[in-house]
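Trainee: To convert, take the position in the sequence shown, counting from 1, and add 46; that gives the working numbering.
These are calculated hints, taken from the structure and not from any lab test.
Derived CB-CB ranges, DEER-like:
{"#": "1", "residue 1": "Asp82", "residue 2": "Leu149", "range": "17 to 25 Å"}
{"#": "2", "residue 1": "Ile86", "residue 2": "Val144", "range": "29 to 37 Å"}
{"#": "3", "residue 1": "Thr92", "residue 2": "Val144", "range": "37 to 45 Å"}
{"#": "4", "residue 1": "Thr96", "residue 2": "Asn132", "range": "46 to 54 Å"}
{"#": "5", "residue 1": "Ala103", "residue 2": "Glu196", "range": "18 to 26 Å"}
{"#": "6", "residue 1": "Ile61", "residue 2": "Ala184", "range": "41 to 49 Å"}
{"#": "7", "residue 1": "Leu149", "residue 2": "Gly72", "range": "14 to 22 Å"}
{"#": "8", "residue 1": "Ile66", "residue 2": "Ala184", "range": "35 to 43 Å"}
{"#": "9", "residue 1": "Ile66", "residue 2": "Gly93", "range": "37 to 45 Å"}
{"#": "10", "residue 1": "Tyr211", "residue 2": "Ile145", "range": "13 to 21 Å"}
{"#": "11", "residue 1": "Tyr211", "residue 2": "Val144", "range": "16 to 24 Å"}
{"#": "12", "residue 1": "Val144", "residue 2": "Pro87", "range": "28 to 36 Å"}
{"#": "13", "residue 1": "Gly72", "residue 2": "Ser187", "range": "29 to 37 Å"}
Below 20 Å or equal to it, Euclidean Cα-Cα: the simulated SDA-like pairs (lysine to any residue) are:
{"#": "14", "residue 1": "Lys190", "residue 2": "Val84"}
{"#": "15", "residue 1": "Lys190", "residue 2": "Leu155"}
{"#": "16", "residue 1": "Lys138", "residue 2": "Leu207"}
{"#": "17", "residue 1": "Lys138", "residue 2": "Thr124"}
{"#": "18", "residue 1": "Lys190", "residue 2": "His164"}
{"#": "19", "residue 1": "Lys59", "residue 2": "Phe69"}
{"#": "20", "residue 1": "Lys139", "residue 2": "Trp209"}
{"#": "21", "residue 1": "Lys190", "residue 2": "Phe161"}
{"#": "22", "residue 1": "Lys59", "residue 2": "Val128"}
{"#": "23", "residue 1": "Lys190", "residue 2": "Leu202"}
{"#": "24", "residue 1": "Lys190", "residue 2": "Trp168"}
{"#": "25", "residue 1": "Lys139", "residue 2": "Tyr211"}
{"#": "26", "residue 1": "Lys138", "residue 2": "Thr205"}
{"#": "27", "residue 1": "Lys139", "residue 2": "Leu149"}
{"#": "28", "residue 1": "Lys138", "residue 2": "Ile204"}
{"#": "29", "residue 1": "Lys59", "residue 2": "Asn134"}
{"#": "30", "residue 1": "Lys59", "residue 2": "Thr124"}
{"#": "31", "residue 1": "Lys139", "residue 2": "Gln212"}
{"#": "32", "residue 1": "Lys139", "residue 2": "Leu121"}
{"#": "33", "residue 1": "Lys190", "residue 2": "Ala156"}
{"#": "34", "residue 1": "Lys139", "residue 2": "Leu68"}
{"#": "35", "residue 1": "Lys190", "residue 2": "Ser166"}
{"#": "36", "residue 1": "Lys138", "residue 2": "Ser148"}
{"#": "37", "residue 1": "Lys139", "residue 2": "Leu207"}
{"#": "38", "residue 1": "Lys190", "residue 2": "Leu152"}
{"#": "39", "residue 1": "Lys190", "residue 2": "Phe89"}
{"#": "40", "residue 1": "Lys138", "residue 2": "Arg208"}
Ideal Cβ positions, reconstructed from N, Cα and C, are used throughout, including at glycine.
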Amino acid sequence: MNTISRFDHKEQKDINWSAIILFALGFWVSGSLLLDFVLIPAFSATGMMTESGFASAGFVIFGAFNRIELICASLVLTCAFVFSFNHNYDVKKQSLFVIFSSLLFLIGLAYTYLFIPHLSAWGLCLNQFNTVETMPSAMISWHKGYWILETLKYGLAITLLRWSYQYK
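Can you make the complete structure from the sequences, with help from the hints?
Mentor: Structure follows, in structure tokens:
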């Protein structure tokens with residue numbers, strides 16, 4: 047039997063949860079920064095946001111990124127539960143870590159299933175004869191909510207990133 051299985055259980059290596067959370071948070075924050083402060087301003091500066099098909103293109107771009115965001119958020123939440131189970135931090139920081147991770151996951155869910163579908167729907171041009179190209183007031187309020195959540199997401203993610211890096 048030893049010739050078939052060369053895996054020795056004594057040599058089993060533990061999963062490096064700190065590395066996983068640092069990678070997930072770093073990838074997520076850098077992707078968000080790229081999307082929010084490079085791609086969207088570039089689309090706006092080139093006039094692509096005024097095109098009739100931008101709402102559907104935005105839905106595809108943000109929809110794909112939001113799915114990646116949910117994967118990163120679930121990894122962060124999993125790491126938070128592992129850290130809590132292993133008692134890596136004091137009780138207060140453990141609780142805050144799980145709460146912050148849960149909030150990040152909820153923000154990802156809100157983006158994926160609430161904000162992006164509504165923003166895309168408001169961006170569709172339903173009246174082809176309307177020559178006035180102003181943003182509807184409901185869409186402006188959705189954008190404000192998006193940026194409030196985005197600011198909260200950056201604050202929570204950077205805090206968790208800092209705590210995870212200090213633990214490493």
